[in-house]
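Engineer: Work out the full structure: start from the sequences and follow the hints.
Protein chains in written order, with the numbering used here: chain Z, 1 to 273; chain A, 274 to 540.
Hint data in this document are derived by calculation from the structure and do not stem from the laboratory.
Hints should not be assumed to be uniformly reliable.
[Stated by the list, open to error] Residues of chain A clear of chain Z, computed beta-carbon distances all greater than 12 Å: (1) Arg-311; (2) Val-332; (3) Ile-367; (4) Asp-421.
[As the list claims (entries may be wrong)] Heads up, simulated DSBU-like pairs for lysine-lysine below, C-alpha to C-alpha not over 30 Å straight-line: (5) A:Lys-476 with Z:Lys-111; (6) Z:Lys-242 with A:Lys-437; (7) A:Lys-437 with A:Lys-476.
[What the hints assert, rightly or not] One-sided and incomplete, this derived list gives chain Z residues near chain A with beta-carbon spacing under 7 Å: (8) Phe-29; (9) Val-37; (10) Val-75; (11) Tyr-113.
Glycine included, each C-beta is placed from N, C-alpha and C at the ideal position.
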Amino acid sequence: MDRTIRILDAEGRHPYLGDCWRHRDLLWFFARRDLVVRYRQTALGIVWVLLRPVLAMGVFGFLFGTVAGLDGRGVPYPLLVLVGMLPWQFFASVLAEGAGAVVNNPALVTKIYFPRMLMPASSLILNTVDLGVQIAFLAAVMAWYGIAPPWQVVFAPLAIVLMAASALGAALWLSALTVSYRDFRALVPIILQFGILATPVAWTVATLPGEWRWWAWLNPLAGPVEWLRWCVLPGMVMPGPKAMSLSIVGALLLLLSGYWYFRRVESRFADVI
Amino acid sequence: MSSELVSSDLPDDVAIRIRGLSKSYTIHGRRLPGISLRDDILRCISLQWMRKAPTHPFVALADVDLDVRPGEVVGILGGNGAGKSTLLKLLCRITRPSTGRIIYRGRIASILEVGTGFHPDLSGRENIYLNGAILGMRRAEINAVFDDIVAFAEIGEFLDEPVKRYSSGMFVRLAFSIAAHLDPEVLVVDEVLAVGDERFRSKCLERVRSHFARRAVLFVSHDEAMVRAICTRAIVLDHGRKLFDGDVQAALGLYHSLSRPACASTS
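Structural biologist: Here it is in structure tokens:
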């Protein structure tokens with residue numbers, strides 16, 4: 001039996017990360033709930049995970065590769081798009097699902113205590129599973145094209161970690177802001193609409209004219225996307241140390257500031273939602 | 274901080290101690306803060322924030338003291354707006370106290386509203402795990418009582434059906450059953466025993482009596498018979514203050530005289 005003496009007062013000095021750890025099972029159950037709910041009573045089920053990037057690959061591949069005649073830098077252009085699409089899709093899904101995680105469950109917020117951060121964080125788990133399925137698909141597509149990844153493929157996880165940090169940071173910001181200001185709910189689709197164009201998903205930074213490249217690197221997602229391309233496909237340009245450190249600092253800033261803001265307003269959620 | 278506490282703050286025979294507990298909400302004359310981003314931005318631009326906005330503190334709970342020993346079932350009585358819900362929310366850590374503190378040993382769990390956190394598309398089995406975790410159980414703890422939960426809820430072959438196909442009776446039976454198999458040191462119960470049919474209600478009451486016999490239970494209900502049946506003590510709240518603490522019968526008498534002042538004066 002738990003004999004720990006605990007205290008609740010105005011300061012609320014409960015060790016927060018310890019609380020998250022105690023409730024860690026909840027992370028899995030939230031993720032499983034969302035997984036089941038997403039695919040139950042759908043005819044295609046898990047196929048949807050692949051359909052989205054494949055459709056994007058087809059559309060962008062046709063538009064930019066065939067119509068605009070962009071060069072795939074030694075690999076088939078659709079493949080270039082697919083490798084860009086996977087981390088973007090991951091980011092976009094974590095952001096969209098995480099941003100609504102708190103406001104979509106008002107009953108939980110006003111009735112029961114648990115660390116609220118688990119709600120947006122659980123979207124990370126579900127989408128990591130999706131990403132795993134998509135990576136297996138990517139491997140199959142590359143095998144079909146007869147393209148082997150270069151040796152630096154072992155560094156590919158860095159791209160995913162950076163994407164996850166940025167996505168979680170942005171999801172923490174948006175989910176906390178949406179509790180007070182529903183305006184941010186309308187902002188999410190706009191971010192995603194422009195984000196997919198501002199991020200090197202359907203294009204690469206190396207094809208930009210020199211003076212424009214720095215603008216592209218200012219987007220914290222550009223680093224991980226280009227890093228993943230360099231790791232997975234042969235003949236790509238490695239993002240330079242300046243570009244990568246910009247991405248790493250950006251992702252860390254987003255994550256830490258998101259954590260800070262979420263914690264600052266979390267105790268008011270039940271009063272405001 | 275919990276580690277700095279010495280045991281003298283909480284004697285061994287007290288499960289939960291409340292001292293000087295108050296909660297006040299700030300009511301702004303015009304509106305609650307943070308309703309619209311546009312309003313907040315306009316307020317910043319028009320420098321309204323430099324003038325102090327008129328605020329009225331609304332005291333929902335004022336300076337409440339309470340000790341509950343293991344084995345006690347304390348009824349919390351009071352009319353609407355007396356501060357019952359605020360007290361429960363503070364106990365469940367949904368909001369923070371303005372002043373004062375709550376000291377307790379172990380875990381506080383609540384059976385607040387039956388079925389909060391249930392998802393209609395998930396099966397009974399999946400909801401047991403999800404809801405158990407929301408209520409603060411670890412996966413291993415849920416595994417240990419899983420069969421008991423299913424048996425108590427009497428849902429039988431519907432276990433793997435989505436709960437949206439359940440009858441409302443089955444739904445509340447399952448929800449209550451999960452909460453009834455929690456094992457906290459302090460349990461907070463709010464109006465939920467009014468579930469299911471007569472037979473299941475008495476089964477729930479029996480469960481609360483036996484399972485929580487060595488636990489501290491705080492029980493909020495407007496159902497007088499229920500309070501009389503399971504509470505060993507009761508407090509009466511009025512306008513956020515504790516008016517009375519003691520015998521259940523006397524507390525119910527006071528509660529009635531508060532809610533029906535006209536009748537009380539004639540009798």
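Engineer: All hints are to be evaluated individually against the structure, with a verdict given for each.
Structural biologist: Verification of the supplied hints:
1. The claim that A:Arg-311 is not at the interface with chain Z is violated, since a C-beta of that chain comes within 12 Å of its own (minimum 8 Å).
2. The claim that A:Val-332 is not at the interface with chain Z holds, since no C-beta of that chain comes within 12 Å of its own (minimum 15 Å).
3. At roughly 5 Å, the least C-beta separation between A:Ile-367 and chain Z is not larger than 12 Å, which violates its mark as non-interface.
4. Distance check on A:Asp-421: its Cβ is at least 18 Å (rounded) from any Cβ of chain Z, clearing the 12 Å threshold; non-interface status holds.
5. For a cut-off of 30 Å, the pair hint linking A:Lys-476 to Z:Lys-111 stands: about 25 Å separates their Cα positions.
6. This hinted pair does not check out: Z:Lys-242 and A:Lys-437 have alpha carbons roughly 54 Å apart, beyond 30 Å.
7. The hinted pair formed by A:Lys-437 and A:Lys-476 meets the criterion: a straight-line CA distance of about 24 Å does not exceed 30 Å.
8. Checking Z:Phe-29 against chain A by beta carbon gives a least distance of about 5 Å; that is within 7 Å, so the hint holds.
9. Given the 7 Å rule on beta carbons, the hint for Z:Val-37 holds: about 5 Å separates it from the nearest Cβ of chain A.
10. The closest approach between the C-beta of Z:Val-75 and any C-beta of chain A is roughly 41 Å, which is over the 7 Å cut-off, so the hint fails.
11. A hinted interface residue such as Z:Tyr-113 counts as satisfied when its beta carbon comes closer than 7 Å to some beta carbon of chain A; here the least separation is about 4 Å, so the hint holds.
Violated hints for the displayed structure, listed by number in ascending order: 1, 3, 6 and 10.
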